[in-house]
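Model the full structure from these sequences, guided by the hints.
So the sequence shown is numbered by my numbering: it starts at 48 and just counts up by one.
Please note that the accuracy of each hint is not assured.
Derived lysine-lysine pairs resembling DSBU-like cross-links, with alpha carbons at most 30 Å apart [what the hints assert, rightly or not]:
1) Lys355 x Lys388
2) Lys302 x Lys185
3) Lys185 x Lys388
4) Lys185 x Lys355
Pairwise CB distance ranges (calculated) [stated by the list, open to error]:
5) Pro177 x Ser261: 19 to 27 Å
6) Gly375 x Gly219: 44 to 52 Å
7) Gln316 x Asp275: 22 to 30 Å
8) Asp236 x Ile103: 36 to 44 Å
Rather than coming from a laboratory, the hints here were simulated on the basis of the structure.
C-beta atoms are modelled at their ideal positions from N, C-alpha and C, and glycine is treated no differently.
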Amino acid sequence: MRDLTGRIRGCPPRTSIATAAAAALWLAGCGRFLGPKATLGPGAIVRGRGLYNEVISATDNEQTLELIVRARYGEPFGLLSVTSVTANLHAAATTNAEFGVGPDANFKGNLVPLSLGLAYEENPTISYTPVQGERYAKRLLSPVGLDLLVLLANIEHAPDQLISILVKQVNGLQNPMYGPPAARAAFQDSIALLARLENAGQATWTSTPTTAGSFALAIHDYAPGNRDAVGELLRRWRLPENLARGDRDIVLPVKLAFGSVTKPELNLQTRSVYDLIELAASSVDVPPEHTAQAAAGEASSPLHGLLKIRNSATRPSGDLLVAVRYRGHWFYIPADDGPSKVAFRLLQTLINMSLVEAGPQTVPSLTIPVAK
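So this is what it looks like as structure tokens:
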């Protein structure tokens, strides 16, 4: 080159100085950006946390669905709990300069005076622990506690069938998992009356202020529109109708017990998470060629009409909540199936709570190195 006074032929002095300065910053370890999307430093936390959370959530959905499908086929299942996530980030920078030899006409306009090469690599490590043993079995087989039942019943958009899913008897009215609809007709009629009051904001599940760990169902502000519904509900639950005398509020203590009552209260028996998995399994649509392999389904189970898991010989198209491949077929829930999404989310919440209680006593952590 002929000009050695700080210029590189074909590149104005200011551009050369700016480019060289950028390269110097990188080589000095002060670089922050690898491109418009890839970042190190605090930006890695913003970018990485959301992506890892999304991936872990998707794998949890798939694990739950596969668990339900396996139960439909009567096969054993296992669960894995995420214990830690470590993301190793590595960035490297290279520089390159091109110079011409000979007459300017040989290379004019074809040289890149100075170029930067940037490489970004991320090697994540996700640690899983199998959930098993006595603690896991107890959590899976134990009835859902009243505290959890009350919390779920108070969710604003909880399905009306929630009590039908979680409760298997109330004041002697039976709600069996299987069998003809007539076997649970009286129970379902009482729950329909309760749902009517709940939707009107006139029935509330609550904790009692007098005793820690105790709960009650309060029926209030029901007159005059739902006075008859309250009377009918009391009759079906085998409670004295004079509890509603003068349209007064009714507070019924709730207990985990069975059989008829001898005083104004609700005796409930709740299902276990294992029971709920069996209920969900009956909602799996199996291909005709698998009918002999799959366990018998129950068309009239309490989850009928609320959860539907479809199957396809090929990978389903369109927007999906979750899909898994099992025994050569795809099982999935479409993203536009609102009732199935709510039921699936409820079941996954209960399963995840069992995982937390039964898994290792450590809190899952996400580790992302931060460059200075």
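- Item | In rising order, the numbers of the hints this structure does not comply with | 5
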